[in-house]
Structures are given as C-alpha cells and as structure tokens.
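Novice: Make a model of the complete structure from these sequences and hints.
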Amino acid sequence: MTTLDHLRNRDAVLRMSELEAEQRAAVVDPDDERMIINMGPQHPSTHGVLRVTMELQGETVLRSKPIIGYLHTGMEKTAEDLTFLQGPTNVTRMDYAAPLFTELTFSLAVEALLEIELPERATWIRMLMCELNRMSSHLLFLATNGMDLGAVGMMIYGWREREEILRFFEKVTGLRMNHNYIRPGGVAADLPDGWREDIQDILNVLPKRLEQFDVLMTGQPIWRERTQGIGVITTDEALALGATGPILRSTGYAWDLRRAMPYLAYDEVDFDIVVGTYGDTFDRYAIRLNEIRESMRIVEQCLERMPEGPYRVQDRKVTPPPRARIDESMEALIHHFKIFTEGFKVPPGEVYTAVESPRGELGCYLVSNGGPKPQRMHIRAPSFANLQTLPHMMHGGFLADAIAVISSIDPIMGEVDR
Amino acid sequence: MSESRSSLDETTEHHEDRADDSERLHGALLTSSRGQIVLHPSSESYHGLIELLMGEGYNVCVDLCGADHLGNETRVLPSAIEPERFELVVNLLDVSARRRIRIRVQISETNPFVATISDIHPGAEAMERETNDMFGVCFEGHPDPTPILLPDGWEGHPLRKDFAMGRIPVQFKAVEGR
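Top to bottom, those sequences are chains A and B.
Under the numbering used here, the letters of the first sequence match residues 1 to 418, in that order.
Under the numbering used here, the letters of the second sequence match residues 1 to 178, in that order.
Part of the chain B face toward chain A, derived, beta carbon under 7 Å:
(1) 33
(2) 34
(3) 59
(4) 60
(5) 61
(6) 67
(7) 72
(8) 74
(9) 76
(10) 122
(11) 123
(12) 149
Hints are computed from structural coordinates only; laboratory data are not their basis.
Using N, Cα and C, we set each Cβ at its ideal position, and we do this for glycine too.
Specialist: This is how it looks when you write it as structure tokens:
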C-alpha cells in the first residue's frame with residue numbers, strides 16, 4: 001500500500017535538469033506547443049528567493065518544479081558549533097516571520113533531553129508570545145497575499161497591524177525579530193510592566209481591522225474570482241506529500257498539533273481549529289484570517305490566567321544566577337561565566353519534538369553526545385515539505401494563478417533552505 | 001528568588017534510555033528514547049518496514065534526515081545493533097491514531113546505499129534529496145536524485161563531521177595603515 005496512488009497527477013513534477021531543458025528548447029517541433037519557462041528567484045511574488053521552472057502549454061501550467069537552496073547558509077552545521085544555550089540565536093533566524101516557534105521547538109527538544117519541568121509561568125508566557133507571533137505571521141501573510149493578487153492596499157494594512165505586535169515584542173524581548181527570547185529552561189526575561197495594557201490595546205484594535213480586511217478582500221467578487229477553486233489539493237494528497245498546517249486544514253482535515261498532541265498548556269485553553277472545505281487558495285486565505293481571531297481568544301485567556309512565579313526553571317545547572325546575585329557573590333559570578341562560556345552539559349540521547357507553527361508542523365530532531373554542544377540538530381521545516389505540493393496545486397491551472405498558489409503556500413525561504 | 005535545587009544528575013540516572021530491550025515490532029528492535037518509540041531495522045529491511053507501518057496507519061512521513069555519529073562515543077543503541085557511522089532517521093506520524101514512531105537505520109560509511117521510500121511516501125522525496133546533499137547517503141530508486149539545497153556540482157557533504165566548518169576571512173580596513 002502506498003500513498004502514491006492518492007496523487008491525482010503523478011507527473012505534475014517537472015523532473016528535468018537545466019541542460020535537458022536547454023536541449024529541448026533547441027529542437028523545433030511545430031506541433032509541440034509546450035515550452036519551459038523560468039520564474040524567479042528574484043521575482044517579487046516568490047517570497048524571497050524561490051525559483052520555479054514551469055512547463056507551459058499556452059497559458060496552462062503542465063509540469064513544474066520548485067528550485068530552492070538560494071538561501072542555504074548551513075544553519076544545521078552552525079548549530080553543531082554552538083552550545084545548547086546559544087542554539088536559539090541560530091534557529092530563530094530560520095523562519096524569520098515566526099521566529100519564536102523555532103526557538104520553542106528547539107528549547108522543548110533540549111528540555112526533553114534534560115528532562116526538566118518548566119515553571120507554569122514560563123509555559124504560559126511562551127504560549128502568549130507564540131500566539132502573538134502566530135498573529136503577526138498571519139498578518140504578514142495577508143499583506144503579501146493581498147499584494148500578490150493585486151490588492152496593493154493590503155500590503156500597507158497588513159504591515160501596520162503586524163507592527164503593533166512587533167512593537168510589543170520589542171518591549172518584551174528587546175528586538176522586533178530574531179528574539180532569542182525562548183531559551184532552554186524558560187524565557188529570557190519576565191514580561192515588562194504594563195504588558196497587560198499593551199496587549200489589551202492590540203486586542204481592542206485588531207477585531208475592527210480584521211473586519212476591514214473582510215470588506216477589502218473576503219467579500220470582494222474579484223478576490224473570490226482569483227482565489228476560489230484555484231490551486232486545489234485533496235486531503236490524501238496533502239498527507240502523502242507531508243503537507244501540514246493551513247494547507248492540510250484547508251482540505252477539511254482538522255489536524256492541529258495544539259489539539260492533536262498538545263504541548264505547553266494548549267490542553268487548558270479554549271480555541272477552535274479552523275478548517276476549509278475545498279482545499280483551494282481561498283480556503284487557505286480564510287483559514288489564516290480566522291486563525292488570527294482564534295489566536296486572539298488564546299491571548300485573552302493567557303491575559304486572564306497568567307500564573308505568578310518564576311519565568312525560568314530554578315535549576316542552577318541550566319539557569320544563570322539572577323543579575324543581583326552576581327554583584328554580591330563571587331560564586332554566582334563564576335557560575336554565570338561558566339554557563340555562558342562552556343554551556344551546560346546535556347545527557348546523551350536523541351529526541352524529536354514538534355510544535356504547530358503558523359505554517360505547519362515545525363519539528364526539531366536533536367542528538368546529544370553528553371557534551372555542551374549537540375551532535376546533530378535538524379529542524380523539520382514545514383515550508384520545506386509544503387513546497388512539494390506546489391506542482392500538484394499548479395497542474396492544469398493558468399500561469400497567472402501560479403502567483404496565487406505560491407502565495408497561498410506562504411513559504412518562508414529562510415526556513416526552506418536553512 | 002529561591003535557589004531550590006532539583007539536581008540534574010538524579011533525573012538522568014533513573015530514566016536511562018532503554019537500549020537493551022529485546023522487544024520487537026515487525027522484526028525490528030523496539031526501544032524507547034525519552035518516552036518516544038524508536039525502531040532499529042537493518043538497511044535491507046527498512047523499505048519493507050515502512051510499507052508495513054504504512055498499512056498499520058503511519059501514513060505521513062513527517063521528517064527524514066541523516067545524522068553523522070563520527071566521534072560520538074555515547075550513542076545510545078541496542079547491543080544487538082552494529083553501530084555504523086551514519087544514521088538515517090525517519091519520523092512517521094499516524095494522524096488518525098495520533099501517534100508517532102521513529103526509525104533509525106544504520107548506514108555504513110563504505111556502502112552508503114539505502115532504498116528510497118518516496119515510492120511509499122512521495123513527501124519524502126525532497127527530504128531524501130537533502131540527506132543526499134548533506135551526508136552523501138544514496139537513495140536507490142529515487143525519481144529525482146539531484147542536489148536540492150547545494151549548488152549543482154558542489155563537492156563534499158557539508159553535514160559530515162569531517163567537513164570543515166567554512167569561514168570567510170574578515171578584512172579589517174583600519175588595520176593596514178597602522
């Protein structure tokens with residue numbers, strides 16, 4: 001039994017080297033109207049550096065293949081040279097639209113190897129920050145998705161709303177992106193004074209803005225024409241190709257790791273999984289828009305139920321001493337120095353942890369050899385797997401719709417290429 | 001802040017990973033790593049095992065990656081398994097029963113060949129190409145064995161432990177005149 005049979009068109013992937021494509025172009029056959037064109041890697045709608053070769057017959061896309069690797073910087077190799085404490089600074093640069101999630105999955109993997117229990121407040125702070133990050137990531141999607149399909153105004157609105165959240169991140173973590181905030185053992189710092197008011201401001205303003213988006217896009221006849229029935233994928237296809245997140249949910253399959261395999265405290269909060277029906281571009285858009293609303297519900301519950309207590313584990317092997325102690329105790333200073341120069345040792349073993357990022361299952365496979373640096377660190381990037389659905393979604397569609405389909409996959413190339 | 005101590009040494013001792021358990025599933029040794037189920041098939045029986053697991057409900061190949069254990073003396077493996085330099089690590093997911101399983105296959109350094117599973121899980125195609133790029137593990141029967149992350153014609157496999165960490169020399173402009 002194989003899932004290959006689930007694919008409606010197995011030949012949707014263009015398996016051809018550049019040399020072969022060149023040779024084929026040289027042969028003139030008047031009956032053959034197919035041609036191979038190249039899109040990207042620096043096309044504005046390719047979200048960075050995605051390149052797609054497509055075989056066209058007139059305006060129709062027959063076969064296609066995403067070509068990636070333009071942003072490959074060897075981050076998994078770098079991870080082997082960084083201590084477990086330095087690790088988050090590296091992984092946070094992978095998915096730059098949702099950096100907190102990569103930090104989270106890496107930290108969860110380290111904590112699973114260490115077998116430490118987190119204090120409750122750390123768990124809830126992580127959940128709060130991640131849901132805010134999911135909102136900002138989806139807002140970025142709405143901005144670029146609108147822009148790609150010609151709703152240029154969305155670019156400004158989406159970025160404006162995202163900025164509100166990034167401003168809060170800057171207050172908490174010190175940076176708008178690449179936070180290095182979630183670390184093995186907890187979070188880097190407690191929430192600052194006045195954080196409740198700041199979040200309340202975001203929660204007050206966002207629902208009205210989301211309603212504006214509905215007017216701008218969801219109900220628009222042109223928007224619907226361009227997205228409905230475009231880039232359709234079935235549940236079986238999505239599962240066979242390893243696609244997760246909004247792509248899988250758009251087919252009507254309610255798979256969300258927050259519900260299916262709860263981590264942090266997601267089993268204690270109330271939220272709905274948003275699913276689509278047709279697996280088309282519109283469903284994927286609508287899911288992300290409504291997931292912002294669901295994330296707001298979770299954030300509200302975090303506001304109400306945020307427990308008191310320490311924001312990082314009180315295990316002195318993992319956690320540096322508090323700043324105030326360093327001034328008065330020589331031992332604390334030495335301890336602080338040792339943790340940040342040598343790092344802490346992690347018992348040997350291997351573990352795989354997964355979280356639900358805005359793009360799907362974000363996993364971390366971590367092998368420790370008992371030293372302060374990992375033997376192997378691998379990030380299972382959702383965009384990397386999701387991109388494989390691209391040829392199957394574009395097959396038989398128009399070239400103009402290819403833009404809509406690429407945009408609806410919402411790939412972050414930093415995470416694809418790592 | 002109170003300095004309560006929950007020593008790590010204690011926690012690691014009582015929860016050693018089970019490595020010498022003789023439990024088997026479909027003929028492959030079954031162990032547990034931090035509570036996660038791991039299977040250790042041989043490289044010959046690996047393809048058949050994935051097929052059997054597929055019939056059992058593990059219908060998503062969530063992740064496939066390689067690992068280089070060169071110089072790793074603390075690797076946790078059942079004693080019946082002959083350690084090799086490379087490992088192929090596959091994470092499967094059963095979405096209806098909500099469970100996961102991990103498969104670790106030993107791949108020898110001199111003969112790094114293994115059957116592709118992209119005929120069972122088409123989603124493994126890109127991941128196998130990546131593993132080929134990074135470790136030089138060859139997947140027999142792969143429909144598109146081309147580089148994916150590395151440029152065409154790149155020599156070497158960067159994630160191997162004996163591949164040196166690349167560094168670009170930094171030029172300091174101010175140094176020259178002094």
